[in-house]
Amino acid sequence: MNSSRRSFIKVAGITALGLGTQPLTQAMATNASHGAGPEVRKGPQALLAKQWAMVIDTRKLQHAEDLEPLIEACHKIHNVPHFQNKKHEIKWIWESHFHNVFIDLHNSYLSESVENRPFLTLCNHCENPPCVRACPTQATFKRESDGIVLMDFHRCIGCRFCMAACPYGSRSFNFRDPRTGLNEKEINKKFPTRTMGVVEKCNFCAERLAEGKMPACVEASNGAITFGDLKDPHSEVREVLHENFTIRRNTALGTEPCVYYIV
Amino acid sequence: MNDKKWIVLGLIIFLGLFSFPLWYNMVIKAGKAAPAPEVVLTAKAKAAKECVMSKEYMTTEHMQLLDLWRHSVVRNGKREFVNPEGKTFNMSLSNTCLDCHSNKAEFCDRCHDYASVRPYCFDCHIENPKGEE
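Residue numbers (the working numbering), protein chains in the order written: chain B, 1 to 263; chain R, 264 to 396.
Keep in mind the hints are simulated off the structure, nothing from the lab.
Computed from a predicted structure; not experimentally measured.
Where a beta carbon is used, it is the ideal one built from N, C-alpha and C, also for glycine.
One thing to keep in mind: the hints can contain errors.
So the derived label-pair ranges between C-beta atoms look like this [said to hold, decoys possible]: (1) B/E184 x R/T359: 47 to 55 Å; (2) R/E319 x B/Q26: 22 to 30 Å; (3) R/H325 x B/A252: 46 to 54 Å; (4) R/E301 x B/G43: 34 to 42 Å; (5) R/E319 x B/E89: 44 to 52 Å; (6) R/T359 x B/R160: 26 to 34 Å.
Chain R extracted, bound-state conformation (with noise of 0.2 Å):
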């Protein structure tokens, strides 16, 4: 039984590939985190101000919102949303959201990108619901 020193060099070895990746991140080429994306506003979302919600609000919890929007307008049929400040909306991802952000490229998918998620709204609801360009 003199296969010590062997097992010993394969294990340094075996360790040394295992942990490659954090090795090689660490000290050869030191990683850095994406830079956050920059969102557009087009003129009429900075002409409005305030959003459905306020901004932090959006920004955070937008998929709730329109979740609670789908399940309201499709399954209880009550289709206007009234928000704090006592304004009316017509609860509507195309109609409503889109209107304003008409840039979907450069507000939606930038984010949706960077946080890597991919939802499907836009396999059905239209990104472009006044037919620009």
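Isolated chain B (complex conformation) (with noise of 0.2 Å):
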């Protein structure tokens, strides 16, 4: 048997080759066969949108007792604990007053009607969120399917980054096991709660919004908020959008809140 070098290094190379592409075609076959494996989707019912937006008409929500059952119907569904020291509050929705809601206008002289009127206050779920710029684990994030900036608490930390970065001060943290500030037979059995030491805000009902109803405050607030689509020009939103002149909070940091306010 005569082999020369060269016949040698050509049948080396060939072989280096073969044993090179070796897992490349492993990789296409068990691709191949991967057709009928399981799959998700979104539900039938889903609503869907864009950039998800809120209108609060404040003029039909004058008093305190008119916001009372929307933050109730909120915090019941999602089983937010009440606590009562003020350092431990867990707030999703809640009420404030003009000037505490909008800080940047500061008229000296406002009208009787605004001065003693509550605002409801919640995550204004931004268009440009400092939060998720904010958050190192990506706990919190801007979701690209419709803009609702959304917690992951299986990530949370509890750094509490996005607590400082939020100049609505939106989110709340969890100083306790909130399971102790719930009644226990209140509590909404279809939502979890949450866990001591993670942050926790308003995610604008998207369980509910899957399923095809509106937002727990929208429905409890008999038409004075209006939620839709802020980027189709047809929406509900954009026609009273369209229709009445609105504020929204502290819009020269350039975060676009999508809750807006009709004075």
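Using the supplied hints, reconstruct the complex from the two chains, each of which is provided in its own coordinate frame.
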């Protein structure tokens, strides 16, 4: 058997090539047989939008008693705990005074009705959310599909950078086990609670939108709150925005809040 | 330098003590593996026959499946799961899994204790979605 160096190198080269492509062909083969695997999708009733937005008609919500059922509806559905100590307070939606809500509008002499009116405040689901940029684990993120700023509690490490970043104070930290602040009998069993050491906030009722329902506060507001797609020129919110002069919270920061107020 | 016997004796005593767990378990009190736990199915789970995926898959891969569900629901907003047989499920630990497997203590905990894993799912997810005692 006489084998030249040349033929030996040829055979070695072809062998190396064959071994090199083997993982590739194997991957292709498994990919091809993956046709009938499980699949995930949105439910058929899910409400879709490019950017959800809310318009709050504060003229229809004149007194604290008008806001109470809205806040109650939200906090009940989402198992938001209630603690006596203000420092431990968890809030998704709450009432606030004009001066605290619109800190950049400092007219000294307000109309009496606005001066005395409670304002409903919640997460603004900004188009350019500073909390998302601050989060080191991407636990809070802006959902591409509908623009909701959501929390992934599984990822939250409780660093509270997002709370420092949010200019609207929309976020609360669970200093205590939230289950201790809930009435055992009133827990909504369909919705999870949170755990100690995570930050939480309003989720624009993402779980209800997925079932084709409007957010809880919108449903409880008797038409005082309009909810819809900001990017759809024919949506209900766009119609309301077209017909009314609205203001938003602290627009100078460039966060582009998606909660509008009719004053 | 006549300490050789002391050094050797010391070494023997040291090795004897050091390997104590090994020979104690082999010679004096021969250990037996703890028996694998029996998982109890509720009547509803039995009636359904097939879980979301096959039984073998669920036994070994349910954590991967739950991780996929979690990611899909929380981050992508896709809440419906279609299994290879074409059946659809709402991807929810409390509302789907625990709806059938409503006996967490006998179904989840037994195996988790045996395998010494402590998943923190139930710190947040409600373990008794129907509110039964």
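Results for each hint:
Restraint check, B/E184 to R/T359: a C-beta distance of roughly 23 Å breaks the suggested window 47 to 55 Å. The hinted window of 22 to 30 Å between R/E319 and B/Q26 holds, with their beta carbons roughly 23 Å apart. Separation of R/H325 from B/A252 is about 50 Å and conforms to the stated range, judged on CB atoms against 46 to 54 Å. The given range of 34 to 42 Å is respected by R/E301 and B/G43, whose C-beta atoms sit roughly 36 Å from each other.
Checked against the hint of 44 to 52 Å, the pair R/E319 and B/E89 passes, with Cβ atoms roughly 48 Å apart. In this structure the supplied range 26 to 34 Å holds for R/T359 paired with B/R160, their Cβ-Cβ distance being about 33 Å.
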